[in-house]
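Below are the chains, spelled out letter by letter.
There are 4 protein chains.
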Amino acid sequence: MKISFNTWVYSSFPVWLPSYPLEVVIQRLASMGYDGIEIGCASPHAWPDYLSQERRKEVLGHLKQHNLEVSAMLPAPGGGPGVNPSSALKEERAFTVKHYKDVIRLAHEWECPTVIWVAGWAAFGTSQKEAWNYSLEGLQDCARYAKDLGITLVVEPTPADSNLIETADDALMLAEETRESNVKVMFDTFHALYRNEVPSDYVYRMKDKLHHVHISDNDRLPPGQGVGNFDAVLKALKEIDYKGYLSMEVGFHTRQADPDWYAQTSIDFLRSKL
Amino acid sequence: MKISFNTWVYSSFPVWLPSYPLEVVIQRLASMGYDGIEIGCASPHAWPDYLSQERRKEVLGHLKQHNLEVSAMLPAPGGGPGVNPSSALKEERAFTVKHYKDVIRLAHEWECPTVIWVAGWAAFGTSQKEAWNYSLEGLQDCARYAKDLGITLVVEPTPADSNLIETADDALMLAEETRESNVKVMFDTFHALYRNEVPSDYVYRMKDKLHHVHISDNDRLPPGQGVGNFDAVLKALKEIDYKGYLSMEVGFHTRQADPDWYAQTSIDFLRSKL
Amino acid sequence: MKISFNTWVYSSFPVWLPSYPLEVVIQRLASMGYDGIEIGCASPHAWPDYLSQERRKEVLGHLKQHNLEVSAMLPAPGGGPGVNPSSALKEERAFTVKHYKDVIRLAHEWECPTVIWVAGWAAFGTSQKEAWNYSLEGLQDCARYAKDLGITLVVEPTPADSNLIETADDALMLAEETRESNVKVMFDTFHALYRNEVPSDYVYRMKDKLHHVHISDNDRLPPGQGVGNFDAVLKALKEIDYKGYLSMEVGFHTRQADPDWYAQTSIDFLRSKL
Amino acid sequence: MKISFNTWVYSSFPVWLPSYPLEVVIQRLASMGYDGIEIGCASPHAWPDYLSQERRKEVLGHLKQHNLEVSAMLPAPGGGPGVNPSSALKEERAFTVKHYKDVIRLAHEWECPTVIWVAGWAAFGTSQKEAWNYSLEGLQDCARYAKDLGITLVVEPTPADSNLIETADDALMLAEETRESNVKVMFDTFHALYRNEVPSDYVYRMKDKLHHVHISDNDRLPPGQGVGNFDAVLKALKEIDYKGYLSMEVGFHTRQADPDWYAQTSIDFLRSKL
Numbered sequence: 001m002k003i004s005f006n007t008w009v010y011s012s013f014p015v016w017l018p019s020y021p022l023e024v025v026i027q028r029l030a031s032m033g034y035d036g037i038e039i040g041c042a043s044p045h046a047w048p049d050y051l052s053q054e055r056r057k058e059v060l061g062h063l064k065q066h067n068l069e070v071s072a073m074l075p076a077p078g079g080g081p082g083v084n085p086s087s088a089l090k091e092e093r094a095f096t097v098k099h100y101k102d103v104i105r106l107a108h109e110w111e112c113p114t115v116i117w118v119a120g121w122a123a124f125g126t127s128q129k130e131a132w133n134y135s136l137e138g139l140q141d142c143a144r145y146a147k148d149l150g151i152t153l154v155v156e157p158t159p160a161d162s163n164l165i166e167t168a169d170d171a172l173m174l175a176e177e178t179r180e181s182n183v184k185v186m187f188d189t190f191h192a193l194y195r196n197e198v199p200s201d202y203v204y205r206m207k208d209k210l211h212h213v214h215i216s217d218n219d220r221l222p223p224g225q226g227v228g229n230f231d232a233v234l235k236a237l238k239e240i241d242y243k244g245y246l247s248m249e250v251g252f253h254t255r256q257a258d259p260d261w262y263a264q265t266s267i268d269f270l271r272s273k274l
Numbered sequence: 001m002k003i004s005f006n007t008w009v010y011s012s013f014p015v016w017l018p019s020y021p022l023e024v025v026i027q028r029l030a031s032m033g034y035d036g037i038e039i040g041c042a043s044p045h046a047w048p049d050y051l052s053q054e055r056r057k058e059v060l061g062h063l064k065q066h067n068l069e070v071s072a073m074l075p076a077p078g079g080g081p082g083v084n085p086s087s088a089l090k091e092e093r094a095f096t097v098k099h100y101k102d103v104i105r106l107a108h109e110w111e112c113p114t115v116i117w118v119a120g121w122a123a124f125g126t127s128q129k130e131a132w133n134y135s136l137e138g139l140q141d142c143a144r145y146a147k148d149l150g151i152t153l154v155v156e157p158t159p160a161d162s163n164l165i166e167t168a169d170d171a172l173m174l175a176e177e178t179r180e181s182n183v184k185v186m187f188d189t190f191h192a193l194y195r196n197e198v199p200s201d202y203v204y205r206m207k208d209k210l211h212h213v214h215i216s217d218n219d220r221l222p223p224g225q226g227v228g229n230f231d232a233v234l235k236a237l238k239e240i241d242y243k244g245y246l247s248m249e250v251g252f253h254t255r256q257a258d259p260d261w262y263a264q265t266s267i268d269f270l271r272s273k274l
Numbered sequence: 001m002k003i004s005f006n007t008w009v010y011s012s013f014p015v016w017l018p019s020y021p022l023e024v025v026i027q028r029l030a031s032m033g034y035d036g037i038e039i040g041c042a043s044p045h046a047w048p049d050y051l052s053q054e055r056r057k058e059v060l061g062h063l064k065q066h067n068l069e070v071s072a073m074l075p076a077p078g079g080g081p082g083v084n085p086s087s088a089l090k091e092e093r094a095f096t097v098k099h100y101k102d103v104i105r106l107a108h109e110w111e112c113p114t115v116i117w118v119a120g121w122a123a124f125g126t127s128q129k130e131a132w133n134y135s136l137e138g139l140q141d142c143a144r145y146a147k148d149l150g151i152t153l154v155v156e157p158t159p160a161d162s163n164l165i166e167t168a169d170d171a172l173m174l175a176e177e178t179r180e181s182n183v184k185v186m187f188d189t190f191h192a193l194y195r196n197e198v199p200s201d202y203v204y205r206m207k208d209k210l211h212h213v214h215i216s217d218n219d220r221l222p223p224g225q226g227v228g229n230f231d232a233v234l235k236a237l238k239e240i241d242y243k244g245y246l247s248m249e250v251g252f253h254t255r256q257a258d259p260d261w262y263a264q265t266s267i268d269f270l271r272s273k274l
Numbered sequence: 001m002k003i004s005f006n007t008w009v010y011s012s013f014p015v016w017l018p019s020y021p022l023e024v025v026i027q028r029l030a031s032m033g034y035d036g037i038e039i040g041c042a043s044p045h046a047w048p049d050y051l052s053q054e055r056r057k058e059v060l061g062h063l064k065q066h067n068l069e070v071s072a073m074l075p076a077p078g079g080g081p082g083v084n085p086s087s088a089l090k091e092e093r094a095f096t097v098k099h100y101k102d103v104i105r106l107a108h109e110w111e112c113p114t115v116i117w118v119a120g121w122a123a124f125g126t127s128q129k130e131a132w133n134y135s136l137e138g139l140q141d142c143a144r145y146a147k148d149l150g151i152t153l154v155v156e157p158t159p160a161d162s163n164l165i166e167t168a169d170d171a172l173m174l175a176e177e178t179r180e181s182n183v184k185v186m187f188d189t190f191h192a193l194y195r196n197e198v199p200s201d202y203v204y205r206m207k208d209k210l211h212h213v214h215i216s217d218n219d220r221l222p223p224g225q226g227v228g229n230f231d232a233v234l235k236a237l238k239e240i241d242y243k244g245y246l247s248m249e250v251g252f253h254t255r256q257a258d259p260d261w262y263a264q265t266s267i268d269f270l271r272s273k274l
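Chains as they are written, first to last, in my numbering: chain P, 1 to 274; chain V, 1 to 274; chain H, 1 to 274; chain X, 1 to 274.
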């Protein structure tokens, strides 16, 4: 298993500060011993429209120089343009698919194997079924695009934030309905805890479809700082012979966060367990 | 003084849920007796790129039908594209100016007199002076564009979220430096309370430059539910003969919010005071 | 709208104490002005196997004498026999269906129009789909039995306790898949609040399929004692012209409850609103 | 002394989730090094009516395979059928005795030496004396049935949940009044702490009648995670030369529990002390 760190807490999403240039984040994570970086696709790090070809090569150079892989890329839902794949607005759905394709292409350029599908949410007046069908349609479209570039899309249950894909089974069902082989699933220990569920259960349920993992304790704390049972999660991952990334997604909910503390505390804990 | 309600808590920004179509919000606010609606420019309500001319006319029709004015329009910083006017990225600054102009044009179409200038924030590596200059430059550009359409831009101190325009004087200085007559200022009682300052002081300081007011108690509660001294704020506003809007910006920080409770509780409190 | 009170807090479920004989509860609720009583089907109140024909008539007599209707009957899941309709054990499913039919017959004898379908939960190793199908099969069987007796079954989303029927849409879909006209839906304001959702949204979503309502504030407090927006719920119910029961399901989670306080406080609040 | 773990937290009682099949629980507890498993007699684990002869043999096979003894069996009071031995309802008392006999026979088949007598509670309208007599009568009946099968019944004081057998002396008196040699007593450190009593006092008071022990810290935490003085309890048990089981009964009060964390943390603590 490899360890990566998601950049939200170092970025301007969702809170505006603190915010660090991507080079600084790459350098710091590498110096702490991370194998990978999971890049959130918001400005100033990676909003595709703002990245020239020159800039993309420059970032790749930094990554290579610091021997840091991009473990996954993650769009930023909920801001101005929404990028809600299950929006009732056809304009929003169209932009969302375009944006995901931009992210997929960017992932390809940065040699990143995985893009996370945040499946969206049903606003008042949109039925769960409609929202599901919109998300499925967008996911299929993006999956076909991603396949040619060798990218896997992973569906993540996000019950703390949304109301569409809330459980391991929801994610598995949506992935399966695409009938595309490059659509898999992931889970986030934080979201499992939000549901008062047992995170290790997700490992056993998702098993051979599990392609990525977000690690976070309750309240978006580093693992080991809250109530999560990470011994059980790691044991389960070993049992299913998981070879992918453990990607920390912590601390980004509050301006009070010191990103380096979150990153260092997280990797210290995980290295002591692996 | 007129009373309006900001739509964030009814929208997908910054938290994704709850989220209601704009028509529903217009109908509900009007039925509670609001004079105006302050429209947050995020999807699904008002991301300009998603609004066809037909849709824009339809929304205006709803507003007229319910006799509701648009008190102000407010861009949504911090999401994927950032729209931070003081970003170190020239691509982001360019998009931000373009986006503000789109919002200004939309405000014009919806007969709204005011657009709020969220001046931005200085990320790590950007000096306060650089950030100030970037924001000033963007604001001047937008102000000239707005002038022809009869729109006023108002600079808001947002210390709780940012690190650039934090005080009444910061806002007044930035506005003044534009040397554009249609740039004025506003304040938000929540941000004043965040700085442990006296909200009514802002009224006296901003006086004839004061063009818009955000009302919120601490913790984004409706006025009267927290510790804010709104008697003093209203007294000060009467003393300076303020004729603009009191616009509630409450409840949007948490998925747990029941938007109607926030809207009803806020107007009940203010009507009892005015 | 009529007002009833669920007996859990007066019974031995789920906590053992306090516990009052059914006669006492009938007398007390009637004296407080309740229109109806919602009877939880656990001992000592209404475990069908313990109720002789003589006893059933005696209870009906008490109800008539105090002019109290039985608004609904509610099985007690989770105890020794489980009565989980979506259990992986065929023995448990068979007993559950038999037990629901016993409850339906008892409802008929007590002139109660409604029995609540608690759809169950998926234990580790049971997929969501399997659990759904088991629950659907049981519900169809019971619905046919109930139809001849003029009883309506209502599906309730119970996200706080389970993982199968969690949303308004889940309940509507399960009900619809039965293709039986006497299967409708209900919701509980407590469960909506647990999901950080807006309770009045459930009214608009369920609309003409809404056949019963559980009223409870957060933490199973009486309405008005917590954060729930019951003005909005009542307004929505009037708008859809709801004619059914508002049934309090409060206070049963703790031995510390004084049942009469819960019952009196609840009806005082509702009477002041209706 | 041997260590076992009670299955409630892995079962659907009293909260519905999480819930694991009995095989999974047997495997996990054995892998953590437990000597025994205390089986709660609720579905899906061990509601006797649902267990065919084939299934009973299968479970025994699993136990043998993992070298795990059944330390005790524990009925599940408070659910639909109540199984309150001191109920005012003769139907409930009759079913309760029948159910205890079913559990005793099941204990015999699974080579378990001990069944716990939860003595019941006095509902409103039942005097303590009546309740005592009902419980005594049921206990005597069951004790005679158990004697032939070599099973010991143990009376447990449960003050946190009930109002009948609350102290060491209550339990000793009830046991003595049966005049049956296979009726002994036990205590639970959690219930002692609930009464603000010293758990080790129970050891000295019960002494040679002490046949089983429940270990739990306050709030149903694993021992060592709360305020309980387990050094004193273990010292007292050594002094009286206790040879029975220390059986963890923890974490079952909340859906938020991760059962493996409770089991692992508990045995780690006790192994470090023994």
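Calculated from the structure, these hints are not laboratory results. Note that this is a predicted model, so its numbers are computed, not measured. Treat the hints with caution; some may be incorrect.
Only pairs whose alpha carbons sit at most 27 Å apart, straight line, appear in this in silico DSSO-like list of lysine-lysine [stated by the list, open to error]:
| no. | chain 1 | residue 1 | chain 2 | residue 2 |
| --- | --- | --- | --- | --- |
| 1 | V | LYS90 | P | LYS57 |
| 2 | X | LYS273 | X | LYS207 |
| 3 | P | LYS2 | P | LYS243 |
| 4 | P | LYS98 | P | LYS147 |
| 5 | X | LYS207 | P | LYS235 |
| 6 | H | LYS90 | V | LYS64 |
| 7 | P | LYS235 | P | LYS209 |
| 8 | P | LYS101 | V | LYS90 |
| 9 | H | LYS90 | X | LYS64 |
| 10 | V | LYS57 | V | LYS2 |
Facing chain P, from chain V, some residues (calculated, C-beta under 8 Å) [as the list claims (entries may be wrong)]:
| no. | residue |
| --- | --- |
| 11 | LEU17 |
| 12 | TYR20 |
| 13 | GLY82 |
| 14 | GLU91 |
| 15 | GLU92 |
| 16 | TRP121 |
| 17 | ALA123 |
| 18 | GLY125 |
Here a beta-carbon is modelled for each residue, glycine too, at the ideal position from N, C-alpha and C.
A quick look at each hint next to the structure:
no., hint, result
1, V:LYS90 to P:LYS57, "18 Å, holds"
2, X:LYS273 to X:LYS207, "21 Å, holds"
3, P:LYS2 to P:LYS243, "8 Å, holds"
4, P:LYS98 to P:LYS147, "16 Å, holds"
5, X:LYS207 to P:LYS235, "41 Å, violated"
6, H:LYS90 to V:LYS64, "61 Å, violated"
7, P:LYS235 to P:LYS209, "17 Å, holds"
8, P:LYS101 to V:LYS90, "23 Å, holds"
9, H:LYS90 to X:LYS64, "25 Å, holds"
10, V:LYS57 to V:LYS2, "24 Å, holds"
11, LEU17, "6 Å, holds"
12, TYR20, "5 Å, holds"
13, GLY82, "3 Å, holds"
14, GLU91, "4 Å, holds"
15, GLU92, "5 Å, holds"
16, TRP121, "5 Å, holds"
17, ALA123, "4 Å, holds"
18, GLY125, "5 Å, holds"
Consistency with the previously given hints fails for numbers 5 and 6, ordered from lowest to highest.
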